[in-house]
Each structure stands twice: as C-alpha cells, then as structure tokens.
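Given chain D, put chain B in place with the hints provided.
Chains as they are written, first to last, in this note's numbering: chain D, 1 to 224; chain B, 1 to 226.
Hint data in this document are derived by calculation from the structure and do not stem from the laboratory. Glycine included, C-beta positions come from ideal geometry on N, C-alpha and C. Among the clues, some could well be false.
Claimed, not checked - Chain D side only, calculated, beta carbon under 8 Å to chain B, not exhaustive:
no., residue
1, 127
2, 133
3, 138
4, 141
5, 159
6, 163
7, 167
As the list claims (entries may be wrong) - Covered stretches of chain B, as calculated for chain D (at least 3 residues, CB under 8 Å):
no., segment
8, 12-20
9, 32-44
10, 71-77
Claimed, not checked - Derived Cβ-Cβ restraints for the label pairs, each shown as a range:
no., chain 1, residue 1, chain 2, residue 2, range
11, B, 123, D, 206, 52 to 60 Å
12, B, 184, D, 43, 30 to 38 Å
13, B, 65, D, 32, 35 to 43 Å
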Amino acid sequence: MSLCLPYPTLMLVTDRHRSSMSLRDAVRAAVSAGVDLVQLREPDLDDAEIERIARDLIGTIGPRRLVLNGRPGLAARLGLGVHLRDGQRNADVAARGDDRLLGRSIHEAGAVVPDDPPDYVQAGNVFATRTHPDRPGRGLDWLARVVENSPVPVLAIGGIDASNVAGVLRSGCHGIGVIDAILAAADPTVATVTLRQALDRAVRDQQVADTGNHTGILGRGTMI
Amino acid sequence: MTASPWAEDPACLRAALALYLVADPEQSVSGDLVADVAAALAGGVTCVQLRAKRLTDLDAYRLAIELAGLCRQYRVPLLVNDRLDVALAVGADGIHAGVTDLPIEVIQRLGNGRLLIGWSPESDGQISAAAADGAHYLGLGPIFGTATKVDAGEAIGLDGFADRVCHTTLPTVGIGGITSRTAASVVAAGADGVAVVGAILRSSDPRQAAWDLRAVVDAARGVRAG
Numbered sequence: 001m002s003l004c005l006p007y008p009t010l011m012l013v014t015d016r017h018r019s020s021m022s023l024r025d026a027v028r029a030a031v032s033a034g035v036d037l038v039q040l041r042e043p044d045l046d047d048a049e050i051e052r053i054a055r056d057l058i059g060t061i062g063p064r065r066l067v068l069n070g071r072p073g074l075a076a077r078l079g080l081g082v083h084l085r086d087g088q089r090n091a092d093v094a095a096r097g098d099d100r101l102l103g104r105s106i107h108e109a110g111a112v113v114p115d116d117p118p119d120y121v122q123a124g125n126v127f128a129t130r131t132h133p134d135r136p137g138r139g140l141d142w143l144a145r146v147v148e149n150s151p152v153p154v155l156a157i158g159g160i161d162a163s164n165v166a167g168v169l170r171s172g173c174h175g176i177g178v179i180d181a182i183l184a185a186a187d188p189t190v191a192t193v194t195l196r197q198a199l200d201r202a203v204r205d206q207q208v209a210d211t212g213n214h215t216g217i218l219g220r221g222t223m224i
Numbered sequence: 001m002t003a004s005p006w007a008e009d010p011a012c013l014r015a016a017l018a019l020y021l022v023a024d025p026e027q028s029v030s031g032d033l034v035a036d037v038a039a040a041l042a043g044g045v046t047c048v049q050l051r052a053k054r055l056t057d058l059d060a061y062r063l064a065i066e067l068a069g070l071c072r073q074y075r076v077p078l079l080v081n082d083r084l085d086v087a088l089a090v091g092a093d094g095i096h097a098g099v100t101d102l103p104i105e106v107i108q109r110l111g112n113g114r115l116l117i118g119w120s121p122e123s124d125g126q127i128s129a130a131a132a133d134g135a136h137y138l139g140l141g142p143i144f145g146t147a148t149k150v151d152a153g154e155a156i157g158l159d160g161f162a163d164r165v166c167h168t169t170l171p172t173v174g175i176g177g178i179t180s181r182t183a184a185s186v187v188a189a190g191a192d193g194v195a196v197v198g199a200i201l202r203s204s205d206p207r208q209a210a211w212d213l214r215a216v217v218d219a220a221r222g223v224r225a226g
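Bound conformation, chain D alone:
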C-alpha cells in the first residue's frame, strides 16, 4: 500500500544557495504557509551535514513531510522518505514496504517501472529553470504524456510558479515541486501562500469545469 499524497501536493525542493535566510527558517516558513512535502536536496553536503540538518528539520516540521534526495541509507536510519536519483534502484531502499515515502525522478514519458512503482514520480523540467539551465523546458504536452503513462501520482517540477500552475494542473498531475518560487522569493511565507492559493484555485476551477458544480470546494485530501 503506497502512501497517499494530498491533492494537490505542494512540494518544496531545497537548495540553500537560493535562499537568503537559513534553510531551517525558510522551510519552517514554507511548511506553516502550506507546503505539504519538503525534499531535502543539498548535493554538495556530506551525509553528516545532511543528518544534522534533517534532524533539525524533523524537530521543526516532523518526519512525515520530509524526504531526502538520494541517501537511501541515511533516510532509512532517520525514518525518512527518500527521493531516488538517477541510477538508484527502488530495491536500494532498505525495508521497502514500511510507511516511508519513496519517490523518483523520471525523464522519459513511459519510464516508470510498473512492477515496482514508487509512491510518486517527479517529472521535469516542465519549463525553463535555473536549476538546469542547459535543459529546455519539456512543455505541457510532455507532462500530460508522463501523467498518462504513470501508474502513480506525478509531481511536476521546473519553472513552475503561481502564474503558470493552472496550466500545469490541467495536465492531470497530482501536484508540483518548486525551488525558486519559494526559496528565491523575498518572503517565502508570502510566496508559499500565493502559490498554495493558485494551486488550490486551479484544482477548484478544474473541478468546476469538470462537473459544472459551482458549489463544490475540493478538500485538501488526506495528509500524509
């Protein structure tokens, strides 16, 4: 039984170099303002430093919302979910079947291994992004194709912000991941609230469009 991500999911992927405040403060602000899931992605830090930051974040936001990018061993030890990098296999995650979240990035539309799917896949980059300046955005049709081919929820990532999130959600994806839209903002709290509202509004508008029901407000879904 895979874990349930709230719909729509707003995931913050960290890059402390983009943030003008401490990572701890930025993450805390973002989670209190509406981020569902935090993926700690600081590839230039060693495991000891990641462990220190992760323990600190667990104390702030709890373990359920935190996922480590790569580092399956450390994630297992800390009881955290893990987001696998390219080349890491699901089987590398010790004790699969426990209730820790497992995600992975995918780069091709049909690339999810169906016999051992992760709990979610992260697909991108949808638009041009500072994180991967050499990779052109794949566009919304590509995202829609990923969604169509994925047996598990798809989180879209890459250049997404409040201005374009509605189109992203129309692809059928389950949520979004962002770095700059929150961390590079002058005020991560304001940025998160703006993004959260745009995301929830996009889902609501879509539901209204789908059902013609103008009174239905879609709930935030089950918290993981």
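Showing chain B alone in chain D's frame:
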C-alpha cells in the same frame, strides 16, 4: 526590469534555441496566430519570435501583448523581429534584427543593455564580428528553400551552414525550410536549434507539429528531459 536571463546565461540561451518558432501572422493557415502559438508552446516550442512586418503598430502591439503573456507562462523568451518600439512597449525579452535593421549597439542602447539580441548576418565577416558587436545568437540560413520568406536569398545548404557556424562562437539557429525530416541534420551541422515558420504555422495541427519537431531536435541535441 532586469536583464533577460537568456541574454545573461549562454547555457540558458542555447537551451531556449532548441525549437524556435517564428510567428508570422501572414503564414498562419488557421488565421489565429495566438492560438497557433499557444498550441505550439504546449507542444514544446522553446522560443518565439513575432515577425509582423506588415501589421500596423497598433495591431503588432496588441498581438505582441498576447504572445508575451503566453510566453511568460511557459517561461519561453519572446523576441520581436525588427520592431524595437513594439518589443520595448510589451516588455519582450529581445529583438531579432537583420543587416538592414537598426545596428546592434543602437538596439542595446535603447534597450538599456537588457535585451536579448538575435541577428541574421549575411556575410562571413558579419558572422565573425557579431559577437563583438553585441549579438547574443545568430540566425543562419536559408538552409533549404523556403516558401515563407520571399527575400530570403539563395539556400546555403547544410554544408554552407556548417561553414558559417565555424566563424562564430555564438549560439546559432538554422532557418529556412526546415521540417521534422531535416531538423536533425541541421543540429548535426552545428546548430543549437532550429527555427521554423511553415513547419508549424502551415501545419493542420501546430501542436503535433511542434511535438514532432521537438522530439527530433532533442534526440539530435542529445538532450534528455530532466
């Protein structure tokens, strides 16, 4: 307004040049250029140039506003061909100029150094000088015969294109009669990307046409999604 990220970061610019749509209202078979561009962006176009040679200022301005809104959502640069006033009026990311347009340094000055500048040189000397003149990328062609630009000159072919690319370190796009069948050969000849007009705008399905071209260009560039 800050400088265009594409003007500042060559890696970012090379990525954006992968599939470059020249949006010319005269070439849209649907007659609705905005709808065509929206469809092409969804399909995977990475850069848009508004080429509206014959529209009035007001019509060009209105069209540019709509395209700027679309491009902003997709985080794709919008350039305006030649018409600097229109580009500045709508906050476009850049200008694409030719040898009979305003000189590059004048465009730079009027744009306060913030504009992405593409240029279409017509001689090897101009190609070599373009980087020092301040151009950010070059459009080179016509590679094949083209039906969408009457003053395009003699086709230079893939060999001619490869020769010209050797004269510059700037990013380049090939242009002129490129289709999904020939796009890979243009990239193989040294282009960072392909610029198309008819291959998308004269298609019955601009979205699918963009998708098909993008797949070919990505494969040829060795770019993986991610």
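How the hints compare with the structure:
1. 127: 4 Å, holds
2. 133: 4 Å, holds
3. 138: For residue 138 of chain D, the interface hint holds, since the closest Cβ of chain B sits about 5 Å away, which is under 8 Å.
4. 141: 5 Å, holds
5. 159: With a closest approach of 4 Å, the residue 159 of chain D hint holds.
6. 163: 6 Å, holds
7. 167: Residue 167 of chain D check passes; min Cβ-Cβ to chain B is 6 Å, inside 8 Å.
8. 12-20: Three-residue rule met by the segment 12-20 of chain B, so holds; n is 6.
9. 32-44: holds (count 4)
10. 71-77: holds (count 5)
11. B:123 to D:206: 52 to 60 Å: Holds, since residue 123 of chain B and residue 206 of chain D (Cβ atoms, about 54 Å apart) stay within the stated range.
12. B:184 to D:43: 30 to 38 Å: Holds: the Cβ-Cβ distance is about 33 Å, inside 30 to 38 Å.
13. B:65 to D:32: 35 to 43 Å: Between residue 65 of chain B and residue 32 of chain D, where Cβ atoms are some 38 Å apart, the hint holds.
Of the numbered hints listed earlier, not one is contradicted by the structure.
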